[in-house]
Each structure stands twice: as C-alpha cells, then as structure tokens.
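Peer 1: Take a look at the letters that make up each chain.
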Amino acid sequence: MNPGMKLLLVVLIALEISFTQSLVVNCILIAVCFVYIMVKRMNFKTLFMLIFWPMFPAVGLFVSQWLYGSAGIHFAWVLFTRIYAYVFLGATFTLTSSITDLALTLEQDFRLPSKFAYGVLAAFNLMPKIREEVQIIKTSALMRGEVFHVWSPKLYFKAILSSIQWSQNLAEAMTSHGFVEDEPRTHYRIIRITGLDWVTFVGLFVIVQAMLFLIKY
Amino acid sequence: MTDVVIHDFNYQYPESDKKVLNNLNLTFKDNHFSLLSGPSGSGKSTLLYFIAGLYPRFIGNDATGSITFGDTNIKEIANNQISAHVAMMFQNPNQQFAMDTVIHEMTFVLENIRTEPAKMDGIITRSLAFCGITKLRDRVINTLSGGEKQRVALACIVAMDAPVIVLDEPFASIDPDSRTDLIHKLKDLQENHGKTIILADHDLGDYEDLIDEFYYLDPTSHQIRLLNHDEAAKFFANFESTQRIDKRFALPTQSDDGAILKLRNFKLDPHNALLLSLDQFNFYKQKTTLITGANGIGKSTLFNALTKLLPYEGTIEYDNKPIKRFKPLAYAKNVTLLFQDAESQFLNVTVKEELDLSFKNRFNQNYSHEQVAKMLAQLGMQDRDDQVVYSLSEGQKKKLQIVEMLVMCPPVLLLDEPFKGLDYKSLRLITAFLAEAKDKYGQTQIVISHQLAGLEDLVDYHATFQNQTLTYQEVM
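Respectively, the protein sequence lines represent chains C and S. The UniProt record's numbering applies: residue 1 is where the first sequence begins, and numbers increase by one. The UniProt record's numbering applies: residue 1 is where the second sequence begins, and numbers increase by one.
In short, the hints are calculated from the structure, not lab data. Careful: at least some of the hints might be erroneous.
BS3-like, lysine-lysine: derived pairs with alpha carbons at most 27 Å apart [to be verified]:
id : chain 1 : residue 1 : chain 2 : residue 2
1  : S       : Lys247    : C       : Lys138
2  : S       : Lys135    : C       : Lys115
3  : S       : Lys135    : S       : Lys119
4  : S       : Lys333    : S       : Lys321
5  : S       : Lys321    : C       : Lys138
6  : C       : Lys138    : S       : Lys267
7  : S       : Lys321    : S       : Lys287
8  : S       : Lys29     : S       : Lys19
9  : S       : Lys308    : S       : Lys327
10 : C       : Lys129    : S       : Lys267
11 : C       : Lys138    : S       : Lys440
12 : S       : Lys438    : S       : Lys352
13 : S       : Lys119    : C       : Lys115
14 : S       : Lys440    : S       : Lys352
15 : C       : Lys138    : S       : Lys360
16 : S       : Lys352    : S       : Lys287
17 : S       : Lys19     : C       : Lys138
18 : S       : Lys119    : S       : Lys29
19 : C       : Lys138    : S       : Lys327
20 : S       : Lys425    : S       : Lys19
21 : S       : Lys374    : S       : Lys18
22 : S       : Lys352    : S       : Lys333
23 : S       : Lys18     : S       : Lys333
24 : S       : Lys324    : S       : Lys308
25 : C       : Lys138    : S       : Lys324
26 : S       : Lys267    : S       : Lys234
27 : S       : Lys135    : C       : Lys129
28 : S       : Lys262    : S       : Lys308
29 : S       : Lys308    : C       : Lys138
30 : S       : Lys321    : C       : Lys154
31 : S       : Lys425    : S       : Lys440
32 : C       : Lys45     : C       : Lys129
33 : C       : Lys154    : S       : Lys185
34 : S       : Lys247    : S       : Lys425
35 : C       : Lys154    : S       : Lys327
36 : S       : Lys308    : C       : Lys154
37 : C       : Lys154    : S       : Lys333
38 : C       : Lys129    : S       : Lys308
Work out the full structure: start from the sequences and follow the hints.
Peer 2: Structure, rendered in structure tokens:
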C-alpha cells in the first residue's frame, strides 16, 4: 500500500479509537496488525520490544483505572488494549514502510513542499549520527574534566548546537547539490496512488467504522 | 567561455572591522586547473563559497565587488540556475549528503537539476565508473570511509556536469592514495571534459606537474596574487622540503621499563572485522610515538579502545593497572583524547569560555594564564575572546583545541590527526608546544598523523600500523 495512504489510515484509526470504547474492536485491531507485521517478516526481538515496553504505561493505566477510576474494569481493559492498539498500528507503518518512499509520495502525491519532504528525510538520515554524537559529547566532556548525565543541560545545549551546525551544513550541501526550494524537480521514481490503494484505504476504513458502530462492548 | 572573474572584491565578516578579502582582482581562466593556496584561516573558503553561490545566502552579510561567469554576473543567475554554472565540494566528507545511500543521493542531485528520468541511470552509471566507485552504488553513505565519501561527492559533481568546479580543501582528511587518485580525476575532468577547476589547498603535494595556475592568498595583505613559474616552483620546493622525515628513529627496548600503556593479548574487532591483534605492545612514558598507516585501517579505533570508548579483547594496563578498573572520569584525567574533529572537543560557545573551562578543570597548574595568552598570540589567535568557536576557521578551531588540551596537561595525550588543516608555520609552533609539554611536564604523547613534515623534532618512536599489527620502525 502507498506509504502516505497507510500513514493517513493509521492516524485516522488511532484517532477514532481514542474516542470510542470498544474492547473487542481494539483487540481485533491488535490481532490484524499483528498478523500483518508477521506476514511482513518482523524479527522476534522487535516483537518482544513492542510488547514489553508499552507494558509499563498500559499496566499503569489499567491499574489506576481499575482501582481508582469510576468507570469500572471494562474501561480499564479498554485503556490497556488501546495502548497496544496504538503501538501495533504505529508498527504496521514504521516497520513495513520506507521513510524514503514516504517522502517521495508526500512530495509527489500529497503536494507537500519538497523542502519539507526532503528536510524531514535528511533529518531522519542524520538519526544514527545523532546517537553517535551524544556518545561523543559525553566522552568529550570527560576529556575536559566534566561528567555529563542524561539530565545535564550542557549535554542538550551541545547537542542542539551540533544540530544547528548540521542543519546549516545540510542546507549548504543540499543547495550545492542543486536543490532549490519551491522549484519544480523531475522524479526518477514515480510513486502514484493506485486504484488498489484507494480501494484498500476506503475498504479498511469502512470496515473499522462498521465494527465501531456494531460492536459496542 | 566561462572565465571566473573576480572584480574589486572585498569582504569582511559581520562584527569584524578587518577585511578577510581585500580588493581582489583576478581571473580563474576557463578550462584551467587553478590552485589557490595560503595559510589556514586566510579566507580561501570564504571566496570559494561566494564563487559557488552559497554566500551571501548562508552568511550574514554581502561582499562588495563582483564575480562573473563569462559575461554573467553571479547575482543575475537565478537560484535554480546556479548549479548549471558551478558545483562545489566541501572539506568535511560527512556533511555533503542529504540522502541515505549513494544511489539515492545521486538521483536526488539529478532530480534537482531536472534531468529527464530516462537518462538518469546512464548518467549515474557513467559518473560512478568515472570515479571508480561502481561498487558503492547501493551502499549507505554513513558506512563509507572519508576517501570513499569524497569520491561519491565527486561523482555527484560529475553527474551535475557544471562547467566550473570549486573544491575547498577536499582532501584534508583522506588517505594519500585517495588523494592522488582524486587529483588525477580532476585533471582528467579539466583536460578531457573542458571543466574549470578551482581548488583551495595548503598541502601542495601532487599538484606541481598538474596545475596550470598557482594563486596565493597572502595572509597579511589579504590579497590574491597569481604566481609566475619561478615563484610557484619556489613554493613547491619549499613545501617538498617539509614533507619528509629523514630522521632515523630509535627503537624502544623490548623491556617493560618505562612502559606506561601496556597492551596484552589485545584484539580489536568491532563489527566482527579484525582490525588489530597484538600479543604484546607497549607505549612508553614521556615519549612521543607517531603511528602511521593508511586511512580506514583502524588507527582511530585503537584510540577509541585506549580511551574506553570501544570494547576490546585482552587487557590494556595504564600504570600497571587494567584500565577497566578505572572510573571513567579518573581515567579520562590520565589518558585524554584530542579528537580528530575539533568541534567535538568544544563544550562552550566563545573562545574565552572554552579556555576558562580548561583552566577550571585542568588536572594541574603547569600552564599560567600569561603563558597561554602568549601561545595563542603566537598562533595568531589573540583578541578572539568573544568569538563563537563554531565561527572560527577549521585551522583556528584546531589551534584552539590543541591549546585548551595542553592547558589540561594530562599525563598521556592521544592526538588524532592534530595537524589537519594547519599551515606549516602553525604546525611548527604546535610541535614546539607539545615538545615542551613532554620535556618539561613529562607528558606521554601518541600521535596519529598523515602530515609528517615538521614532526621530526617531536617524534621519538615511530610505529607502523599495517597487516592488523603495530610495529616500531626505525625509518619511515
């Protein structure tokens, strides 16, 4: 499915389940997403992370609603499954779509300014370097006789300085590689939204509506 | 004809009253290979950024005078047409690319200049082949070495096919083989593809027989002069004489006497690729050990292991105690790394704040404020207290970085390419400072450097890094 459409669908469904209270629909969504990402061959470590980390907020919400809330255990379960529904909905997008394809479709089909699409993409490509940079900053601080912790403002100050510097260098690099804001570009790979994309999008959306309308528990 | 004509050109940085470029009048001739040399920080980059159309857009203020390509003033060229006139290659290999892979970056470039999609595959294949990196086509750029990245940058420029190519010290951090190769590729572009090459470099090696014109940016008059053949020959000869170390190095005794860092059964294999394997190797106290070897072979990785940044097998002992038993800060106070990238060392904003931090946290009181002020003045870094460190030139950043680490005066200082981007005069000053730290304050120094000239007085031992091992050698 077109990554832009997929993102839109995921966001719409996530929004909807924020305002409805159907335990069954949440479970169906989780199950369907689970099957989808398994079909797309996700490794078990990622799967474990997906189940493990949301456990904390999910259990927290469940317990506080169950013990202290006024809406009862059903609502506690709704909250619990909602967290997992969000996580798995998100995972269907992030684990199975390429960020490059998303940028391409946002630029070509969703008419987003190319500056935005490529800016986000370039920033995304910097992510591994940002992680490295934090490690370098910490080591560098040691070499200057300072210890930086996660809560040290100077760590963030330095990280922000680095990113400002990078953004300037990146802008220069993009410009020198011929990129000009708001100018037409050609496209090596054309990403179109196909009829099938529309059918899938509308179809899935209608099914979710029907479920939310019919299944109230 | 695309002569690049600089006419009555003046520039000064915002909030500075000194001109860095003073009334320049010169012509970089069409289809010539022009070399622009001059000390680091003299303004070469600034001029190139203006020629490439990046300035004044990316800097606070404009210059006076004009730059024309043939008959066209650069100011009259629309933003989307600039890249049809001029392409630029930067000094830092890590900051030239917006996309993740080589092929994505190259299509990005071609899309920007509105190449027909049907023609892209052909252009990309030819450009990669020209630069000898057909194999790198699908590689992730972050995983490439510096030399490979600069080849990719050149491939992008070849694909853009602009008549004028400007290069700002493009080889400052890459290995000698890549450098020689890239310089010959540039010559090929000039001779066989009609390009005009304008290249700034203070390292004159490999250029003598290739360049057509030699321009020199004088750091005192801030003017650029075209040198005649004899003058140029003198510059090259002078540079040549600085490129060798004819010294015969002593070999350390095989014993552990005076060893400060001991590596035993040491193995370094990050990402399961064996880089270094040493049964037994010592670094010696109050000596300067120079490590040489090709780029990407693992020299910096060794430093990362010595500073506990990377895991390793076997043991490293500092002062007869395994370094794993030291707390991070305590160890960093003893074995300190001077980063290859000067900016990584900075934690503050202005020059003064940076120096103050070193004075505050220094491990001993060896250097007085007066002494440091004098060192800075010798390096031409005086009166820069309030300057933002990030706005310094690469050479100035390096000088500040070295001075602030000298102030810390740790017992062991690891220096990763400390002379990168420095002109010869600054290099000699810095080696003298380092020699003083060693002789007077007993510092042990381990230096990785591609730049060899001018180090003879400083270096005591020389170790070659090759075939996954380190060996002390008498000659270079």
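Peer 1: State for each hint whether it applies.
Peer 2: Verification of the hints:
For the suggested pair Lys247(S) and Lys138(C), the alpha carbons sit about 39 Å apart, so the restraint of at most 27 Å is broken. Among the hinted pairs, Lys135(S) with Lys115(C) is inconsistent with the structure: their alpha-carbon atoms are about 30 Å apart, more than 27 Å. For a cut-off of 27 Å, the pair hint linking Lys135(S) to Lys119(S) stands: about 20 Å separates their Cα positions. Straight-line distance between C-alpha atoms of Lys333(S) and Lys321(S) comes to about 15 Å, which keeps the hinted pair within the 27 Å bound.
Our distance criterion of 27 Å between C-alpha atoms is met by Lys321(S) and Lys138(C), whose separation comes to about 24 Å. A hinted pair counts as satisfied when its Cα atoms are at most 27 Å apart, and Lys138(C) with Lys267(S) qualifies at roughly 25 Å. The suggested pairing of Lys321(S) with Lys287(S) holds, with an alpha-carbon distance near 20 Å, which does not exceed 27 Å. Among the hinted pairs, Lys29(S) with Lys19(S) is consistent with the structure: their alpha-carbon atoms are about 25 Å apart, no more than 27 Å.
Between Lys308(S) and Lys327(S) the alpha-carbon distance is near 10 Å, which keeps this suggested pair within the 27 Å criterion. Only pairs whose Cα atoms come within 27 Å are accepted, and Lys129(C) paired with Lys267(S) is accepted, the gap being roughly 26 Å. Note on Lys138(C) and Lys440(S): the hinted pairing is violated, with a Cα-Cα distance of about 30 Å set against a maximum of 27 Å. Annotation: proposed proximity of Lys438(S) to Lys352(S) holds, straight-line Cα distance about 25 Å (limit 27 Å).
Of the supplied pair hints, the one linking Lys119(S) and Lys115(C) holds, its CA atoms being roughly 24 Å apart against a limit of 27 Å. A distance of roughly 26 Å separates the Cα atoms of Lys440(S) and Lys352(S); the hinted pair therefore holds under the 27 Å criterion. For the proposed pair Lys138(C) and Lys360(S), the alpha carbon gap of about 18 Å is at most 27 Å, so the pair holds. Distance check on the hinted pair: Lys352(S) and Lys287(S) sit about 31 Å apart at the alpha-carbon level, beyond 27 Å; violated.
With a C-alpha separation of about 38 Å, the suggested pairing of Lys19(S) with Lys138(C) is violated against the 27 Å cut-off. At roughly 31 Å between alpha-carbon atoms, Lys119(S) and Lys29(S) are farther apart than 27 Å, so this suggested pair is violated. Between Lys138(C) and Lys327(S), the direct Cα distance comes to roughly 14 Å. Compliance with the 27 Å bound is thereby established for this hinted pair. Between Lys425(S) and Lys19(S) the CA atoms are separated by roughly 22 Å; this keeps the pair inside 27 Å, and the hint holds.
Taking the CA atoms of Lys374(S) and Lys18(S), the gap is about 22 Å. The hint holds against a cut of 27 Å. Distance check on the hinted pair: Lys352(S) and Lys333(S) sit about 22 Å apart at the alpha-carbon level, within 27 Å; holds. A threshold of 27 Å between alpha carbons decides the hint, and for Lys18(S) with Lys333(S) the separation of about 40 Å lies outside it, so the pair is violated. Distance check on the hinted pair: Lys324(S) and Lys308(S) sit about 8 Å apart at the alpha-carbon level, within 27 Å; holds.
For the given pair, Lys138(C) sits about 18 Å from Lys324(S) by alpha-carbon distance, which is consistent with the 27 Å threshold. Restraint check for Lys267(S) and Lys234(S): not satisfied, since their Cα atoms lie roughly 47 Å apart, outside the 27 Å limit. Under the criterion of a C-alpha separation no larger than 27 Å, the hint pairing Lys135(S) with Lys129(C) is consistent with the structure, at around 24 Å. For the hint pairing Lys262(S) with Lys308(S), the CA-to-CA distance comes to about 14 Å; that is within 27 Å, so the pair holds.
Between Lys308(S) and Lys138(C) the CA atoms are separated by roughly 12 Å; this keeps the pair inside 27 Å, and the hint holds. In summary, the hint linking Lys321(S) to Lys154(C) is not supported, as the alpha carbons are separated by about 32 Å, beyond the 27 Å threshold. A hinted pair counts as satisfied when its Cα atoms are at most 27 Å apart, and Lys425(S) with Lys440(S) qualifies at roughly 22 Å. For the hint linking Lys45(C) to Lys129(C), the alpha-carbon distance of about 23 Å falls within 27 Å, and the restraint holds.
The suggested pairing of Lys154(C) with Lys185(S) is violated, with an alpha-carbon distance near 44 Å, which exceeds 27 Å. Using a Cα cut-off of 27 Å, the hinted pair Lys247(S) and Lys425(S) holds, with the two alpha carbons roughly 20 Å apart. At roughly 21 Å between alpha-carbon atoms, Lys154(C) and Lys327(S) fall within 27 Å of each other, so this suggested pair holds. The suggested pairing of Lys308(S) with Lys154(C) holds, with an alpha-carbon distance near 22 Å, which does not exceed 27 Å.
As the CA atoms of Lys154(C) and Lys333(S) are separated by approximately 20 Å, the hinted pair is consistent with the 27 Å bound. Between Lys129(C) and Lys308(S) the alpha-carbon distance is near 20 Å, which keeps this suggested pair within the 27 Å criterion.
Checked against the numbered hints above, the structure violates hints 1, 2, 11, 16, 17, 18, 23, 26, 30, 33; every other hint is satisfied.
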